[in-house]
Amino acid sequence: MVPTLGRTLILLALLAASAGAIVGFATGARPNAAGWRWARRLAYAFAAFMALANLTMEYALLTHDFSVSYVAHVGSRSVPTWVSIVSLWSSLEGSILFWGLVMGVYVAVATWRKADDHPEYMPYAVGVWLACGAFFSFLLAGPAQPFATIPNPALDGPGPNPLLQNHYLMVIHPPFLYSGYVGMTIPFGLASASLLVGRLGNDFIRPLRNFLLVSWIFLTCAIVLGGWWAYEVLGWGGYWAWDPVENASFLPWLTATAALHSALLVERKGVLKGWTVILVLATYLLTILGTFMTRSGVFNSVHSFTQSAIGPTILAFLAAALLFSLVLLALRVDSLGSDGRLETGPSRDAMFLVQNLLFVLFTFTVLLGTVFPLVVEAVRGVQMSVGRPYFDKMSVPIGLALLFVMGVGPALPWGRATRQQLRGALLPPLLGACVLAAAGFVLGARNVWTLLSLLFGGFTAQVTLSEMFLPVRQRMRTRGEGLAEAFRQAQARGRRRFGAYVVHAGAVVVIAAIAVSSTMGSSKEVQLNRGETTTLGAYELTFVGAEQVSEPHRDSVRARVEIRKNGRSLGTLFPRMSTYENQREPIGSPAVHTGLTEDLYLSIHNIDGAAGTVGLLVLVNPMVSWIWIATALMALGGLVALVPPLRGATAAAAAPGTSAVAMEGSS
Amino acid sequence: MATTLTSGAGTARAPRLNRKVLVAGLAIALPLLAVLVANLGRDPHSVRSPLVGRPAPPFRLVPVGGGAPVALASLRGKPVVINFWATWCVPCFQEHAALVASARTLTGVQFLGIVYEDDEARTGEFLRERGTSYPSLMDKDGRTAIAYGVFGVPETFFIDPQGRIVEKYVGALDRDAILSLLSLARGGGR
Numbered sequence: 001m002v003p004t005l006g007r008t009l010i011l012l013a014l015l016a017a018s019a020g021a022i023v024g025f026a027t028g029a030r031p032n033a034a035g036w037r038w039a040r041r042l043a044y045a046f047a048a049f050m051a052l053a054n055l056t057m058e059y060a061l062l063t064h065d066f067s068v069s070y071v072a073h074v075g076s077r078s079v080p081t082w083v084s085i086v087s088l089w090s091s092l093e094g095s096i097l098f099w100g101l102v103m104g105v106y107v108a109v110a111t112w113r114k115a116d117d118h119p120e121y122m123p124y125a126v127g128v129w130l131a132c133g134a135f136f137s138f139l140l141a142g143p144a145q146p147f148a149t150i151p152n153p154a155l156d157g158p159g160p161n162p163l164l165q166n167h168y169l170m171v172i173h174p175p176f177l178y179s180g181y182v183g184m185t186i187p188f189g190l191a192s193a194s195l196l197v198g199r200l201g202n203d204f205i206r207p208l209r210n211f212l213l214v215s216w217i218f219l220t221c222a223i224v225l226g227g228w229w230a231y232e233v234l235g236w237g238g239y240w241a242w243d244p245v246e247n248a249s250f251l252p253w254l255t256a257t258a259a260l261h262s263a264l265l266v267e268r269k270g271v272l273k274g275w276t277v278i279l280v281l282a283t284y285l286l287t288i289l290g291t292f293m294t295r296s297g298v299f300n301s302v303h304s305f306t307q308s309a310i311g312p313t314i315l316a317f318l319a320a321a322l323l324f325s326l327v328l329l330a331l332r333v334d335s336l337g338s339d340g341r342l343e344t345g346p347s348r349d350a351m352f353l354v355q356n357l358l359f360v361l362f363t364f365t366v367l368l369g370t371v372f373p374l375v376v377e378a379v380r381g382v383q384m385s386v387g388r389p390y391f392d393k394m395s396v397p398i399g400l401a402l403l404f405v406m407g408v409g410p411a412l413p414w415g416r417a418t419r420q421q422l423r424g425a426l427l428p429p430l431l432g433a434c435v436l437a438a439a440g441f442v443l444g445a446r447n448v449w450t451l452l453s454l455l456f457g458g459f460t461a462q463v464t465l466s467e468m469f470l471p472v473r474q475r476m477r478t479r480g481e482g483l484a485e486a487f488r489q490a491q492a493r494g495r496r497r498f499g500a501y502v503v504h505a506g507a508v509v510v511i512a513a514i515a516v517s518s519t520m521g522s523s524k525e526v527q528l529n530r531g532e533t534t535t536l537g538a539y540e541l542t543f544v545g546a547e548q549v550s551e552p553h554r555d556s557v558r559a560r561v562e563i564r565k566n567g568r569s570l571g572t573l574f575p576r577m578s579t580y581e582n583q584r585e586p587i588g589s590p591a592v593h594t595g596l597t598e599d600l601y602l603s604i605h606n607i608d609g610a611a612g613t614v615g616l617l618v619l620v621n622p623m624v625s626w627i628w629i630a631t632a633l634m635a636l637g638g639l640v641a642l643v644p645p646l647r648g649a650t651a652a653a654a655a656p657g658t659s660a661v662a663m664e665g666s667s
Numbered sequence: 001m002a003t004t005l006t007s008g009a010g011t012a013r014a015p016r017l018n019r020k021v022l023v024a025g026l027a028i029a030l031p032l033l034a035v036l037v038a039n040l041g042r043d044p045h046s047v048r049s050p051l052v053g054r055p056a057p058p059f060r061l062v063p064v065g066g067g068a069p070v071a072l073a074s075l076r077g078k079p080v081v082i083n084f085w086a087t088w089c090v091p092c093f094q095e096h097a098a099l100v101a102s103a104r105t106l107t108g109v110q111f112l113g114i115v116y117e118d119d120e121a122r123t124g125e126f127l128r129e130r131g132t133s134y135p136s137l138m139d140k141d142g143r144t145a146i147a148y149g150v151f152g153v154p155e156t157f158f159i160d161p162q163g164r165i166v167e168k169y170v171g172a173l174d175r176d177a178i179l180s181l182l183s184l185a186r187g188g189g190r
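Chains A and B are the protein sequences, given in the same order.
Residue 579 in our numbering sits at position 579 of the first sequence, with consecutive numbering throughout.
Residue 186 in our numbering sits at position 186 of the second sequence, with consecutive numbering throughout.
Okay, chain A solo, but in the shape it has when bound (with noise of 0.2 Å):
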């Protein structure tokens, strides 16, 4: 009852999908009421049926009815019921349902939010949605079958994955990966419909822009929970290994950055219309290669889902929209045109041109190194992995390009600057650049990579504070306005711009944490008898005794250590070994003490409850909590500058003497 339900709802998902995708392109080359009218209620319909076909799922995990092959493979009784709800993204074919209700959900509101505006390109937009929303219904009802019909269905269930089940965080990373990434659909179908149209106008930029942010504040939020996901439970005491799947978000993310600044100066300038579409496009494929790494079993990785059929459907995909895209651009790119010029002297322009330009040579560079594998493997039949001394060599000095890059080019002036000008602008923020590089020497920062991060971390983030605040000082100086009142009218006005410095001075501390925590860590292996103590740095912790906790649906030893810092106690942590119901293999789970400046972090190696022994890493991790405190103000950042400025406020941003001002007013 159940899977013919899920598999109708699907089917009806294709069907409003594949006649949305048509019904859009006739009406984007022949408008009319009508055609609009009925692209959008497909559009619409699309997303119900996948609501309604998740709600199905939902419903089937939670009743636990095995007859629904998707939860005969991932389904327990024997688990809490937060995982059967998070158990429809824990497992491949899960995974691509939920891909298709945040894709619903996109689709409509992105349809709905843009229904009256963009008459000319809103049509094809459509179409080219419901396109790929069509490929991921025809995946749900093909290859992938998360309905299918188990005929003698069993009384229980495995469970998902041990791993996936561990940790809170992995309730939250699918979402925001997903949305991160699926959300991606929307700039690309716009960026399509501006190429079919023939047309990137200033007013078609905006949305096109926001859009993107959206999905990029997602996928930034995405990739480091991914990263601290990793860093709380696979228990080697890293965030970022360079793994394919971690590449495979990063790539997406690299581009989506790139083509957030290169649309300013299609805002601002009227420039790079064609290099700003090709990002988004490139975005989107990235988005469906980093899908099809997870999903083909192609890539060796600790986060991707087991071989299956799918692959090879997501490739042919991958193939359709390249070519789609790479035709159309061939057609069209010449048709964008450009309004204006690009300054190529030292100014902001030529920077945000640099700064393309190294984010596109990362993800080359990224690219190459996940790819690069599978080539030899194609080539000479044996299997290499160029691992982490290639990407550390290559993106340190990439990052610190960026890192400077994003301090000099708001320091600099839009237009050509004049050589007093360029003093003016460069030399102040050498003083942050000494502070912060002194500091990090006093702190004992020798190697040379973390002294040039912090050299230019502080010249950035000085930059990056003068500049946040620089709209405010402005109206103290010249208004009289006091500094409440100042702040709150410069917010008004120039929203988008403040949100992008809180975004800019997020990176410049992600960057600087990243800097010190691989670098300034230490470490030890120790084996523990009970009552032993061992010290690391200023840490004393003794090993307490093994306890054995059981839940539902595993059971645990774990390690209770006392935890002393300079003498004085920090509570205890309960590092542990966890056997979860039908696993074989015991699931290390490590326990860490996050502190502001560094985590000490204990991970169990092997333990035995009967003799009273545990064999212990123990690493002591600074600045790691500031890579996520970092990241929820790029995040906020993001945020802040999608909130609209106030009505009526836009006209009075331009005023005289807010030349050096970047985004103002321009959203």
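Treat the hints as calculated values from the structure; they're not laboratory data.
One or more of the hints may lead you astray.
Claimed, not checked - With the C-beta cut set under 10 Å, the calculated list includes, among others, these residues of chain B facing chain A: (1) L22; (2) P31; (3) L33; (4) A38; (5) W88; (6) V90; (7) E117; (8) E129; (9) G131.
A virtual CB, placed ideally from N, CA and C, is assigned to each residue, including glycine.
Following the hints, position chain B against chain A.
Positioned in the frame of chain A, the structure of chain B alone reads:
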């Protein structure tokens, strides 16, 4: 579906093809797609090494931190497990405990580590911190790794008492994998 999309592209205006964009795009896209297609359906753990069944290439290498060199030829008569590894490699980190424990508990077998593109001081520190129960050898000019056709780490070779390579394993080993591959090397049938 792709045909729906592209036909929509062609209808509105007489197209003027930008060849540069098309050629550059295809130059990036086609090789990428070709590689992905070529790799479809393979098991990422499976390995086809031409060395399997052949005599293991000889070597004579000095252990990390110095000491008497170890020669493969001197180990004839018992199975040998040669693990290529590095401190920068995450899977190596994961399999280290299983290897050390196996070397400690299993008798009549010689485990050897060969350090792949890594610094001796860092390797020594890694081994001191994490402990070891078998020698790790420095392969300074990388000749041994080349002779064994190592392309990435970890890679582990299982060698039978007659000095022939019976299996090559790529990726992190666990105890079960070590035991089953060792039984191959001991002549447990194939």
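(request) Have a go at the L22 of chain B hint: is there a Cβ in chain A nearer than 10 Å to its own Cβ? (result) Since chain A brings a Cβ to about 4 Å from L22 of chain B, closer than 10 Å, the hint holds.
(message) Less than 10 Å between beta-carbons is the criterion; does G131 of chain B satisfy it with respect to chain A?
(response) Because about 7 Å separates G131 of chain B from the closest Cβ in chain A, which is inside the 10 Å limit, the hint holds.
(message) Does the closest beta carbon of chain A sit nearer than 10 Å to the beta carbon of A38 of chain B?
(response) Interface hint status for A38 of chain B: holds (4 Å vs cutoff 10 Å).
(request) Under 10 Å, Cβ to Cβ, is where V90 of chain B needs to be relative to chain A, so tell me if that hint holds or is violated. (result) 5 Å, holds
(message) Please check whether P31 of chain B passes as an interface residue: C-beta within 10 Å of a C-beta belonging to chain A.
(response) 8 Å, holds
(request) Would you check whether E117 of chain B satisfies its interface hint, that is, whether its CB is within less than 10 Å of any CB in chain A? (result) Given a least distance of 7 Å, the restraint on E117 of chain B holds.
(request) Verify the interface restraint on W88 of chain B: the C-beta must sit less than 10 Å from at least one C-beta of chain A. (result) Holds, because the Cβ-Cβ distance from W88 of chain B to chain A comes to roughly 5 Å (cut-off 10 Å).
(message) E129 of chain B was flagged as interface toward chain A. Is the shortest Cβ-Cβ separation under 10 Å?
(response) With Cβ-Cβ at 5 Å, under 10 Å, it holds.
(request) Grab the minimum C-beta distance from L33 of chain B to chain A and call the hint holds if it beats 10 Å, violated otherwise. (result) 5 Å, holds
In the structure shown, no violation is registered for any of the earlier numbered hints.
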